[in-house]
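Enquirer: So the sequence lines, in the order shown, correspond to chains A, B and C. Residue numbers for the first sequence follow this note's numbering, so the first one is -10 and each next one is one higher. Residue numbers for the second sequence follow this note's numbering, so the first one is -12 and each next one is one higher. Residue numbers for the third sequence follow this note's numbering, so the first one is 1051 and each next one is one higher.
Treat the hints as calculated values from the structure; they're not laboratory data. Don't take every hint at face value.
[As the list claims (entries may be wrong)] The list that follows gives simulated cross-link-like pairs (lysine-lysine, DSS-like), each with its CA atoms no further than 30 Å apart:
1. A:92 - C:1251
2. B:62 - C:1059
3. A:179 - A:92
4. C:1230 - B:117
5. B:121 - C:1335
6. C:1251 - B:121
7. A:153 - B:121
8. C:1251 - B:90
9. C:1055 - A:172
10. A:179 - C:1230
11. C:1335 - B:93
12. B:62 - B:105
13. C:1251 - A:257
14. B:119 - C:1251
15. C:1230 - A:253
16. C:1148 - B:6
17. B:117 - C:1335
18. A:257 - C:1230
19. C:1251 - B:62
20. C:1335 - B:119
21. B:117 - C:1251
22. C:1251 - B:105
23. B:90 - C:1059
24. C:1055 - A:90
25. A:172 - C:1059
26. C:1230 - B:128
27. C:1148 - A:253
28. B:119 - C:1230
29. C:1055 - A:153
30. A:257 - B:121
31. A:179 - C:1055
32. C:1055 - A:92
33. C:1059 - A:179
34. C:1230 - B:121
35. B:101 - C:1251
36. B:128 - C:1059
37. B:128 - C:1335
38. B:100 - C:1335
39. B:90 - C:1230
40. B:93 - C:1059
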Amino acid sequence: MDQATKHSIPRYIVLIVLSMMMIFPLIWMLLSSLKTGEEIFAIPLKWLPDTPQWGNFPGALELAPFGLYIYNSTVTALVIVVFQVVLACMMAYALTQLQFKGKNVLFNSILMTYMLPVAATYVPSYVIVAKLGLLDTLAGIIISNIASVFCIFMIRQAFMQVPKEMVEAARADGANDVAILWKVMIPMSKSSIFTVALISFVQMYNNYLWPSLIVKSQENYLVTVGLNQFFTAQGTFSSQWPMIMAANVLAVLPLLLLFIVLQKWFIKGISDNGLKG
Amino acid sequence: MAKIRMVDLSKQYDNQDRKTIDRFNLNIEEQEFVVIVGPSGCGKSTMLRMLAGLESISDGELWMNDKVVNDIPPKDRDIALVFQNYALYPHLSVFDNIAFGLKIRKTPKDQIKKQVEKTADILGLTDYLKHKPKSLSGGQKQRVALGRAIVRNANIFLMDEPLSNLDAKLRTHMREEIMQLHRRLKATTIYVTHDQTEAMTMASKIVILKDGYIQQIGTPKEVYNQPKNIFVAGFIGAPTINFLPGKLSNEEIKLLDGTVVGGVQQPLFHEGDVIIGVRPENMSLTSEQKGIPMSVRFTEMMGADMFVHGEVQGEKWKIRVNPDEDICVGETIYIQLDANKLHVFDPHTEESLYPHKELV
Amino acid sequence: MSRLKTVGKLLFFIGIPMIPLAVFWFFPMFVSIWLSFTNWDYISPTFDYVGVENYTTTLTSADFYQALWNTALFAVMTIIPTIIIGLLLALLLRKGLKGETWFRAFLFSPWITPMVAMSIVWTWIYEPDVGLMNQVLGWFHLPQPDWLTDSDTAIWAIIIVTVWKNAGWAMLFYSDALSKIPNDLYEVSHLEGASGLQRIKTVVLPLVSPTTLFLAIVSAINAIQAYDQIQVMTQGGPSGSTRTLLYLYYQMAFEQFQMGQATALATIIVVFTMLLSLIMFYASKRWVHY
Chain A
-10 MDQATKHSIP
0 RYIVLIVLSM
10 MMIFPLIWML
20 LSSLKTGEEI
30 FAIPLKWLPD
40 TPQWGNFPGA
50 LELAPFGLYI
60 YNSTVTALVI
70 VVFQVVLACM
80 MAYALTQLQF
90 KGKNVLFNSI
100 LMTYMLPVAA
110 TYVPSYVIVA
120 KLGLLDTLAG
130 IIISNIASVF
140 CIFMIRQAFM
150 QVPKEMVEAA
160 RADGANDVAI
170 LWKVMIPMSK
180 SSIFTVALIS
190 FVQMYNNYLW
200 PSLIVKSQEN
210 YLVTVGLNQF
220 FTAQGTFSSQ
230 WPMIMAANVL
240 AVLPLLLLFI
250 VLQKWFIKGI
260 SDNGLKG
Chain B
-12 MAKIRMVDLS
-2 KQYDNQDRKT
8 IDRFNLNIEE
18 QEFVVIVGPS
28 GCGKSTMLRM
38 LAGLESISDG
48 ELWMNDKVVN
58 DIPPKDRDIA
68 LVFQNYALYP
78 HLSVFDNIAF
88 GLKIRKTPKD
98 QIKKQVEKTA
108 DILGLTDYLK
118 HKPKSLSGGQ
128 KQRVALGRAI
138 VRNANIFLMD
148 EPLSNLDAKL
158 RTHMREEIMQ
168 LHRRLKATTI
178 YVTHDQTEAM
188 TMASKIVILK
198 DGYIQQIGTP
208 KEVYNQPKNI
218 FVAGFIGAPT
228 INFLPGKLSN
238 EEIKLLDGTV
248 VGGVQQPLFH
258 EGDVIIGVRP
268 ENMSLTSEQK
278 GIPMSVRFTE
288 MMGADMFVHG
298 EVQGEKWKIR
308 VNPDEDICVG
318 ETIYIQLDAN
328 KLHVFDPHTE
338 ESLYPHKELV
Chain C
1051 MSRLKTVGKL
1061 LFFIGIPMIP
1071 LAVFWFFPMF
1081 VSIWLSFTNW
1091 DYISPTFDYV
1101 GVENYTTTLT
1111 SADFYQALWN
1121 TALFAVMTII
1131 PTIIIGLLLA
1141 LLLRKGLKGE
1151 TWFRAFLFSP
1161 WITPMVAMSI
1171 VWTWIYEPDV
1181 GLMNQVLGWF
1191 HLPQPDWLTD
1201 SDTAIWAIII
1211 VTVWKNAGWA
1221 MLFYSDALSK
1231 IPNDLYEVSH
1241 LEGASGLQRI
1251 KTVVLPLVSP
1261 TTLFLAIVSA
1271 INAIQAYDQI
1281 QVMTQGGPSG
1291 STRTLLYLYY
1301 QMAFEQFQMG
1311 QATALATIIV
1321 VFTMLLSLIM
1331 FYASKRWVHY
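Only chain A is shown next, with the shape it has when bound in the complex (with noise of 0.2 Å):
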């Protein structure tokens, strides 16, 4: 590419108005929970607070209690990782390492699904997990989501650029599978599976239908299901809509400031694993 087409202004004009229109509404929100509610129902449009109020964020604190929710939701979120991670590396290993009939049938399976509407199950899954016992618990929702199609296959895809003569060196030193696992694959694949277990959280974090389904009393609402309702029952007060712009930011908060800090990891992950057919 010729030095002189990189730095045209017209260029960084057009990234800037693009860029300020996908992080408005981020902004917005960040500005409008320090407003009054006339603020930001203002016309015409009132763009910063005259004295922030601060007091917003307590205020939804005391109308809900969202720092449980974000609890939650971050407990929650980090558990179904875990174990969506171990199970996946499992299954991974097995798709890459070992040799049995039906591999390709089991592997094509498994991307199908993935393909498919997960809304399709919620209603056995419902059944299933009230039969459990555990409908309206956070291990509810957690035991039910902890099969994850996405991390087996981005796990997978990792493990097949681990270069088969470390495999064969580790196994010529007497190491068995789960060595194998532990000691090569994993450590090989490091970064790849940081970078899945990162997307995973926020897509789990971020989740909604099948919680709103699963769990009813307060305490154990995920931030995603406290935030509409709290939105549902105090929405239509144009006094209320500061604390709900600030039970907001207290809700992306935590995912932007892990974006701020590993924003390479999300970037990487996307370019190491991309597509492979």
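Take the given structure of chain A and dock chains B and C to it, following the hints.
Expert: Quick look at chains B and C alone, frame taken from chain A:
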């Protein structure tokens, strides 16, 4: 007027302290085959890309066909470029690869067909026109790259290390093909490589480059027999030249121990320490009394020649001998230098003192 | 002896992960299909088999066809802009640009956030009288529709939010694909006289076509499964204009408890998704280059 004139061309990158190319001056005549050669990082590719218009020129003037072309975009310069990695479009067939430029320029379809088929014929690609690059060998891909360049009907061909990705045998064969092509098309060609063998066998004019500066410009024979400095002497020629510190006094070339090995035919205005250079083929085996001792470390049997590697006065040397000679590792052999083929260099400036000839 | 070992290994490495997969994916999938032939309403402990009655009822209901149309419209109008904008962003964000990391972070940030949270913010943006959208449109003297409360515009509001959220994701994949195009190819086409636009058409598009196919299929699956934004912003209305097949399923199963019909609908959705993916996959043979 020369076909291409490079006047004080310089290239400076923003993030570097020194210039990548510094005041490069070179004239290239019609139909010349000029090879720019030098070690990696010497700036030769940058030079070529400046000629092509893919890199901007920081300073100086570039003339092509009697016009200053500094700011003219690549497609409007009269050039064709062959890339080291071929740069073939992987999703297009050989035919479409070659035809790409013609299509862009809205050449009528039947003309495209004619030209592409003719070019394919010249390069022996006719059977492969429908193939995609994936299914071609390295040599075939290179020919497609050449075909794409040929079809542009340019008068100036630029080649950026086109053969370095090929295996040795194929390289020799393709060298010949490129030379034939050059003779046939009569195009002015500038060829960049790091391989001095390619330079020596193909060039009508060699330009040796190091760290962005021209070391010497000359015909293969000139740079081989009259290298301007130690770098050129050591870079050109395989196996490489042998060096030894010595002394010059009263027009006599002596080794450090005083042995006289030759003389100079003209007064040099330089006395004292020198570096002596002598090529492996300009030495011969001799008796213990008359020769300089060399301890043998290993021998290389090349078939028609044999090269003996060893040490002379602490320096690593090689000598070319008859392959029938019976020489063992650890032996000491005695060599005599051809007094008429000695090179003398100033040890501080590294410039050649003798023999030399001023060249443009 | 070694056969036992092999079986043991398989049981461990495959068996264990398969348990949750089987229990919460495969098993429910089949049970769903089985349930679609009953008239279970979740509350009563008994139910009857009704053959294909659920399917015929669904396939003859106006609601179904409205939802089908909505889904198709929604899918097409989110897939295409997401891909185009994703590619555009990736092209703008070429290597070596000053501030590249910042731009990329801003452009990708929507994807990180929970759809629920952002839907709430967008609900304000779409507010007909004081929302940002209409105020900005007012500056340019453009029409200011009622967005979420107008059955003609509601689905477009949802589409915009969905594209907004997913374009950054598409951008990342395209950025990766673009970086894998050798620089030589750009230079050669530049040399041969191709303009920027021509280069995109003849070099970039063919070479990123596998990514395009991937993103098209993934976007389609995401569009069919879209729920959060609809739940928060319109609840399927007004007048069912934003009710997609999936949302209809949700309402049937968890608001009306007609499990038989709901699972029939779910099965239809599954078939629909499979067909769509297959069609895209086969159609792609012509324009995707590997």
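Enquirer: Would you mind marking each hint as holding or not holding in the structure?
Expert: Going down the list of hints, with the structure as the test:
Among the hinted pairs, residue 92 of chain A with residue 1251 of chain C is inconsistent with the structure: their alpha-carbon atoms are about 40 Å apart, more than 30 Å. For the proposed pair residue 62 of chain B and residue 1059 of chain C, the alpha carbon gap of about 63 Å is over 30 Å, so the pair is violated. For the hint linking residue 179 of chain A to residue 92 of chain A, the alpha-carbon distance of about 25 Å falls within 30 Å, and the restraint holds. Simply put, residue 1230 of chain C and residue 117 of chain B have alpha-carbon atoms about 25 Å apart, close enough for the 30 Å limit, and the pair holds.
Under the criterion of a C-alpha separation no larger than 30 Å, the hint pairing residue 121 of chain B with residue 1335 of chain C is consistent with the structure, at around 17 Å. The hinted pair formed by residue 1251 of chain C and residue 121 of chain B meets the criterion: a straight-line CA distance of about 21 Å does not exceed 30 Å. Restraint check for residue 153 of chain A and residue 121 of chain B: satisfied, since their Cα atoms lie roughly 25 Å apart, inside the 30 Å limit. With a C-alpha separation of about 13 Å, the suggested pairing of residue 1251 of chain C with residue 90 of chain B holds against the 30 Å cut-off.
As the CA atoms of residue 1055 of chain C and residue 172 of chain A are separated by approximately 21 Å, the hinted pair is consistent with the 30 Å bound. For the proposed pair residue 179 of chain A and residue 1230 of chain C, the alpha carbon gap of about 23 Å is at most 30 Å, so the pair holds. Using a Cα cut-off of 30 Å, the hinted pair residue 1335 of chain C and residue 93 of chain B holds, with the two alpha carbons roughly 28 Å apart. Restraint check for residue 62 of chain B and residue 105 of chain B: the C-alpha separation of about 23 Å stays at or below 30 Å, so the hint holds.
At roughly 27 Å between alpha-carbon atoms, residue 1251 of chain C and residue 257 of chain A fall within 30 Å of each other, so this suggested pair holds. The hinted pair formed by residue 119 of chain B and residue 1251 of chain C meets the criterion: a straight-line CA distance of about 19 Å does not exceed 30 Å. Distance restraint check for residue 1230 of chain C and residue 253 of chain A: the Cα-Cα separation of roughly 18 Å lies within the 30 Å cut-off, and the hinted pair is therefore satisfied. Using a Cα cut-off of 30 Å, the hinted pair residue 1148 of chain C and residue 6 of chain B holds, with the two alpha carbons roughly 23 Å apart.
Proximity of residue 117 of chain B to residue 1335 of chain C is assessed by CA-CA distance (about 18 Å); at most 30 Å being required, the pair is judged to hold. Proximity of residue 257 of chain A to residue 1230 of chain C is assessed by CA-CA distance (about 14 Å); at most 30 Å being required, the pair is judged to hold. Restraint check: the Cα-Cα separation between residue 1251 of chain C and residue 62 of chain B comes to about 18 Å, which is no more than 30 Å; the hinted pair holds. About 16 Å separates the Cα atoms of residue 1335 of chain C and residue 119 of chain B, which keeps this hinted pair within 30 Å; it holds.
With a C-alpha separation of about 21 Å, the suggested pair residue 117 of chain B and residue 1251 of chain C falls inside the 30 Å cut-off, and the hint holds. With a CA separation close to 28 Å, the supplied pair residue 1251 of chain C and residue 105 of chain B stays within the 30 Å bound. At most 30 Å may separate the alpha-carbon atoms for a hinted pair to count; residue 90 of chain B and residue 1059 of chain C exceed this at roughly 59 Å. Simply put, residue 1055 of chain C and residue 90 of chain A have alpha-carbon atoms about 15 Å apart, close enough for the 30 Å limit, and the pair holds.
For the hint pairing residue 172 of chain A with residue 1059 of chain C, the CA-to-CA distance comes to about 17 Å; that is within 30 Å, so the pair holds. With a CA separation close to 20 Å, the supplied pair residue 1230 of chain C and residue 128 of chain B stays within the 30 Å bound. For a cut-off of 30 Å, the pair hint linking residue 1148 of chain C to residue 253 of chain A stands: about 17 Å separates their Cα positions. A threshold of 30 Å between alpha carbons decides the hint, and for residue 119 of chain B with residue 1230 of chain C the separation of about 19 Å falls inside it, so the pair holds.
Proposed proximity of residue 1055 of chain C and residue 153 of chain A is supported: the alpha carbons are some 22 Å apart, at most 30 Å. Pair hint residue 257 of chain A plus residue 121 of chain B holds up; C-alpha atoms about 28 Å apart against a cutoff of 30 Å. Between residue 179 of chain A and residue 1055 of chain C the CA atoms are separated by roughly 28 Å; this keeps the pair inside 30 Å, and the hint holds. The suggested pairing of residue 1055 of chain C with residue 92 of chain A holds, with an alpha-carbon distance near 18 Å, which does not exceed 30 Å.
Proposed proximity of residue 1059 of chain C and residue 179 of chain A is supported: the alpha carbons are some 23 Å apart, at most 30 Å. Between residue 1230 of chain C and residue 121 of chain B, the direct Cα distance comes to roughly 16 Å. Compliance with the 30 Å bound is thereby established for this hinted pair. In summary, the hint linking residue 101 of chain B to residue 1251 of chain C is supported, as the alpha carbons are separated by about 25 Å, within the 30 Å threshold. Our distance criterion of 30 Å between C-alpha atoms is broken by residue 128 of chain B and residue 1059 of chain C, whose separation comes to about 48 Å.
Taking the CA atoms of residue 128 of chain B and residue 1335 of chain C, the gap is near 25 Å; set against the 30 Å cutoff, the hint holds. Distance restraint check for residue 100 of chain B and residue 1335 of chain C: the Cα-Cα separation of roughly 27 Å lies within the 30 Å cut-off, and the hinted pair is therefore satisfied. With a CA separation close to 25 Å, the supplied pair residue 90 of chain B and residue 1230 of chain C stays within the 30 Å bound. Of the pairs offered as hints, the one joining residue 93 of chain B and residue 1059 of chain C is violated, with about 64 Å between alpha carbons and a cut-off of 30 Å exceeded.
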